[in-house]
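Whenever a hint applies, use it, and build me the whole structure from the sequences.
These are the residues of each chain, in order.
2 protein chains.
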Amino acid sequence: MISQRMYELGSKKSTIREIFEYAKQRAAIVGSENIFDFSIGNPSVPPPDCVNDSIREILATEDSTQTHGYTTAHGDPIARAAVAQFVNQKFGTDYTADHFYITVGAAASIRICLAALTNPGDEYIIFAPFFPEYAVWVEDAGAKLNVVPADTDSFQIDFAALKQQINAHTKGIIVNSPNNPSGAVYSLDTIKQLAQILKEASQEYGHPIFLIADEPYREIVYDGIQVPHLPLYYPNTLICYSYSKALSLPGERIGYILVPPSVLRFADVYAAICGGGRVLGYVNAPSLFQKVIARCGDQTSDISVYKKNRDLLYDGLTKMGYTCVKPGGTFYLFPRCLEADAVYFCKKAQQYDLLLVPGDDFACPGHFRIAYCVPTERIERALPVFARLAKDYGL
Amino acid sequence: MISQRMYELGSKKSTIREIFEYAKQRAAIVGSENIFDFSIGNPSVPPPDCVNDSIREILATEDSTQTHGYTTAHGDPIARAAVAQFVNQKFGTDYTADHFYITVGAAASIRICLAALTNPGDEYIIFAPFFPEYAVWVEDAGAKLNVVPADTDSFQIDFAALKQQINAHTKGIIVNSPNNPSGAVYSLDTIKQLAQILKEASQEYGHPIFLIADEPYREIVYDGIQVPHLPLYYPNTLICYSYSKALSLPGERIGYILVPPSVLRFADVYAAICGGGRVLGYVNAPSLFQKVIARCGDQTSDISVYKKNRDLLYDGLTKMGYTCVKPGGTFYLFPRCLEADAVYFCKKAQQYDLLLVPGDDFACPGHFRIAYCVPTERIERALPVFARLAKDYGL
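If you read the sequences in order, they're chains A and B.
Residue 439 in the working numbering sits at position 334 of the first sequence; the count goes up by one each step and never skips.
Residue 340 in the working numbering sits at position 235 of the second sequence; the count goes up by one each step and never skips.
Mixed in with the good hints there might be a few duds.
Copies of one chain are not kept apart here, so a pair can be met inside one copy or by any two copies together.
[Claimed, not checked] Pairs of lysine to aspartate or glutamate, DMTMM-like flavour, derived with a Cα cap of 25 Å:
#, residue 1, residue 2
1, Lys129, Glu167
2, Lys453, Glu482
3, Lys412, Asp168
4, Lys431, Glu444
5, Lys249, Asp227
6, Lys413, Asp258
Simulated from the structure, these hints should not be mistaken for laboratory data.
What follows is the structure in structure tokens.
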């Protein structure tokens, strides 16, 4: 009567959703201040003042019918031009408005790219650990997903494993650096090696293998790290961006797809992206927020809070004996569990009111994710609890 | 290398888009005040003050991280409760928040419903004339679309033709009343007959045939017409609503799906809709505008302008000898062309700088659409031009 697959996708609760509901119940008993909920990647700092100031100014000065009216499907030309300028400033590129397609957030960006590129029989490759919705979107686009196991020593790329996965059906590779959940940022060396392998494979199989780069955390990096701009290293790259994380606008659903002019048959690819947006029912990205990003898209919320949280947690946990690859960005830490079974470990942590997500959810067992986009004082109070958990395991 | 179908959908310009671009070029020559552009269904009156006032108030009083933060995927509970209350007030129903799924506009609503319901081999039925994107969405959901030819005498339903189209594969019927492009509103008699046929066919084939009702124009009706609430007549109805037209918020992409409790296996259908939203990449509807509709969803922009425009145009054109079913709602008029070929007729009208859309675009040749969501004075100035066109045809 209905689609069984949609029923299952809509009714099966994700682990994160289950934790979220447990947290609410538990908070009612012990008080929300005593729950250490590290499960959700929801920015904890407000957007910069520019956002609300811009909204007020737009409402005060612009024609209301226009402000809330349709834009062209690929985005208001002024917003696209502004975004191009911001990207050019950051990366020294020379993009124009014509290289951008404004979207209803990064999820839409990725889903649209998959629709635009996929033909029956196509396959995509992704590196563990990864955000589980990628698998849902790839499957829904009618393609097969192949997973390259994590290189848990560095959360860079296991290139030997990658080479085994590439074949004649490979349409694209999805990368997410800075990475959710590991926080790892791909090094320049990693990117150059990846580009080389993809160039060779594209040549071998006689068609481009696209790099789909999901970059919502691009601005949330520490210690002077700069996220390299992938199209400068690999021409057939599509950048999927979102203002959800760095600008703290996750609910407003605003982002873009950058189709660099280096992409083979650029005009055709851009047109296919327009077609993808159309079939999925995306008429245009929210119009008021297109105007907002045209004004504030080069700003970020106060990211120093996340840096402080990372340092506190990373230093604290490693001193206790936890092992963890130091993350260069995002607001996630992805340490090794203190026992083999991450699900069991997270259940045990839950007894201490530490709410963590097992790495199994990100195709990387044996680890757990801490989303440290929370008030710093919560981390300060959580550290002794992590210590008690470690002590239980004999550390 | 890419999806040929997406390329074609993204690169082929729609007739309306072509007219839009012609209008810009022509305006540069003769001045925009001398172009009578009746091609686009973009509301011409601003949203009610409630919209911008609410935005200012939300920014002034609520926590900014929260305001722009994720909501649950099916929508903020407060927004869903408010929408339920507004619908209950209007139709005397007793819906709750749990019956609503807030979406990124009506296009998203329809596309999600199709994803939720469709299994391989399914078919949908639609009545001409219809908005052409329905065909794109049905095809993309993997189903076949069957078109019931228009009853051009009334733009109600040709039930004999409908009965011929229903078969064991029919999963649903898409209706759009008030209708784009005809402006027709289904009478209670039409709805009762339709419900009866669908009940009988559901029984005959042993599965429910869903009624998917696209109702963005529900509030834009004249002469005391009330759009009947379909679930009161047919239990397996899904209502797809949008605040684009009556609240003049087309660019903000905000609407909902109403899944009435009368729907067979309600919980499963609602879950499948959640799954549909998920696979298509709709994370949540824009959060600020969820709050706006919670405050303003029972209001409309000043619809009296459209009424005035309809009367002026309908009375004017019929006096000149044009024939037209008098529309009960929307901001469209759909008269018969003065020659058989609507495309040619619209080309001829274009020579007078009257920009009209041929009915062929809505699967209803021999007619043309006038979108009268324009300033009234433009209609006043256009009437003599329509008269000259009529004179050319010997009227």
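We went through each hint and held it up to the structure:
1. Lys129 / Glu167: Only across copies: lysine 129 and glutamate 167 sit 21 Å apart there, 42 Å inside one copy, limit 25 Å.
2. Lys453 / Glu482: Within one copy only: 23 Å inside a chain, 72 Å across chains, cut-off 25 Å.
3. Lys412 / Asp168: Close across copies (23 Å), not inside one copy (41 Å); limit 25 Å.
4. Lys431 / Glu444: within (20 Å within a copy, 74 Å between copies)
5. Lys249 / Asp227: Cα proximity of lysine 249 and aspartate 227: in one copy and across copies (7 Å, 24 Å).
6. Lys413 / Asp258: within (24 Å within a copy, 71 Å between copies)
This entry satisfies every hint, going by the numbered hints stated previously.
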